[in-house]
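From just these sequences and the hints, can you work out the full model?
All residue numbers in the sequence shown are consecutive under my numbering, ending with 402.
Source of the hints: derived by calculation from the structure; they are not laboratory data.
There may be inaccurate statements among the hints.
Ranges between beta-carbon positions, derived for each pair [said to hold, decoys possible]:
#, residue 1, residue 2, range
1, Phe376, Asp269, 21 to 27 Å
2, Arg145, Pro270, 47 to 53 Å
3, Pro320, Asp74, 32 to 38 Å
4, Leu120, Pro320, 38 to 44 Å
5, Ala99, Phe171, 37 to 43 Å
6, Gly249, Phe171, 18 to 24 Å
7, Cys400, Phe376, 30 to 36 Å
8, Arg260, Asn192, 21 to 27 Å
9, Asp110, His333, 43 to 49 Å
Under the rule of at most 27 Å between Cα atoms (straight-line distance), these lysine-lysine pairs were calculated in the DSS-like manner [stated by the list, open to error]:
#, residue 1, residue 2
10, Lys90, Lys76
11, Lys220, Lys175
12, Lys90, Lys103
13, Lys103, Lys113
14, Lys302, Lys220
15, Lys90, Lys262
16, Lys113, Lys302
17, Lys257, Lys220
18, Lys90, Lys175
19, Lys76, Lys103
20, Lys76, Lys113
21, Lys113, Lys175
22, Lys113, Lys220
Heads up, the beta-carbon is just placed ideally off N, CA and C, and yes, glycines get one too.
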Amino acid sequence: MIFDDKAVLVTGGTGSFGRKFVSHLLEHARPRKVVVFSRDELKQYEMANLPEFNPANRPEIQYFIGDVRDIERLRTAFRGIDFIVHAAALKQVPACEYNPFEAIKTNVLGAQNIITAAIECNVQRVVALSTDKAAAPVNLYGATKLCSDKLFVAGNIMSGTAPTRFAVVRYGNVVGSRGSVFPFFLKQAREKGRLSVTDPRMTRFSITLGEGVRFVMDSFRRMRGGEVFVPKIPSYRILDVAEAIGPGLPVDIVGIRPGEKLHEAMITADDARNTVELADRYVIQPEFNWWDASFVSEGTPCPDDFSYVSGTNDRWLTVEELRTLCQQECAL
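Dropping the structure here:
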């Protein structure tokens, strides 16, 4: 496996994705070292006290306190690192709207720090996690992640003769993660006996934490530098989620929140001319002529008017599938 005998660092490593990634990495590969990099000492303490993440049981795990805003700390952490997963970000849409400068410091300037430090430390490969909100963004969170995506793609130019290569993975809402509608509906169903829906027309893409981790790991294997990898995943309707979690419960329509969309996009029509469709994913290729666009030979170029939007997807989760998914991912 590509991760065998490699030193791997995960920014935001104590988050839901980071924990799942580290767990999957230790189960399916033999990394030389795994560094959990995050700024929350309590979360690191709690993670390190779990048997599967305890350095006493897994001596290859190390914990680094640090912030992606601090480039000197990144330079220290990245010494001897082969692969980086960049998962650290401010992700809550309302919080980013209310604290825009903080979102920019972490999501944009932090991304630039990752790129600079990775190149200086001769890191081999970096995969940055993006979001569907980065495609045609309407909120500050999406705008900062779009900027981050552009920085990581351009990082391949900055690296010059250095071995460092950068790629991006963009996917939709993670079922059961913090901020997901699934645990929110579960809590409302148990405590209030009724559900709050922003807009009955709303749709979203859906991916599980395990699927996201496996997609990221496979993207490390397939990347050449500059790609935005987008998985083919199903959509769901918000009212179907409500029916799956609280069948028959009354629903209150509360209106769309600031910075929220009715439907999420992962590929816009403007990106389509640079996008190739493969069996399990789309690959948005960079527009720079230095890039070897050999994915074209593996897949099919998308039509110029193509877009990948949750509301027009050809794969939809049924109420029963959503209920099963919730039982598996949220302990319903």
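Does Lys76 pair with Lys113 here, judged by a C-alpha cut-off of 27 Å?
Holds, because 25 Å separates the two Cα atoms, which is no more than 27 Å.
query: Is it true that Ala99 and Phe171 lie within 37 to 43 Å of each other by Cβ?
result: holds, 39 Å
**Q.** Holds or violated: Lys76 to Lys103, with C-alpha atoms at most 27 Å apart
**A.** With Cα atoms ~7 Å apart, Lys76 and Lys103 stay inside 27 Å; holds.
Review point. Could one say that the CB atoms of Cys400 and Phe376 fall in the range 30 to 36 Å?
Key: holds, 33 Å
Item checked: Whether the CB-CB distance between Arg260 and Asn192 falls inside 21 to 27 Å -> violated, 51 Å
- prompt: Taking only the CA atoms, is the gap from Lys90 to Lys175 under or equal to 27 Å?
  reply: holds, 26 Å
> Between Lys90 and Lys103, does the CA-CA distance stay at or below 27 Å?
Replying inline: holds, 16 Å
CB of Pro320 to CB of Asp74, is that within 32 to 38 Å? The hinted range 32 to 38 Å is violated for Pro320 and Asp74, with Cβ atoms some 53 Å apart.
Given the hinted pair Lys113 and Lys302, is their Cα-Cα distance within 27 Å? violated, 32 Å
Notebook entry, point to check: When you take the CB atoms of Gly249 and Phe171, is the distance between them in 18 to 24 Å?
Noted result: holds, 21 Å
- prompt: Does the Cβ-Cβ separation between Leu120 and Pro320 fall within 38 to 44 Å?
  reply: With Cβ atoms ~39 Å apart, the hint holds.
* Indicate whether the distance between the beta carbons of Asp110 and His333 respects the range 43 to 49 Å. => violated, 33 Å
The structure shown violates the earlier hints numbered 3, 8, 9, 15, 16, 17, 22.
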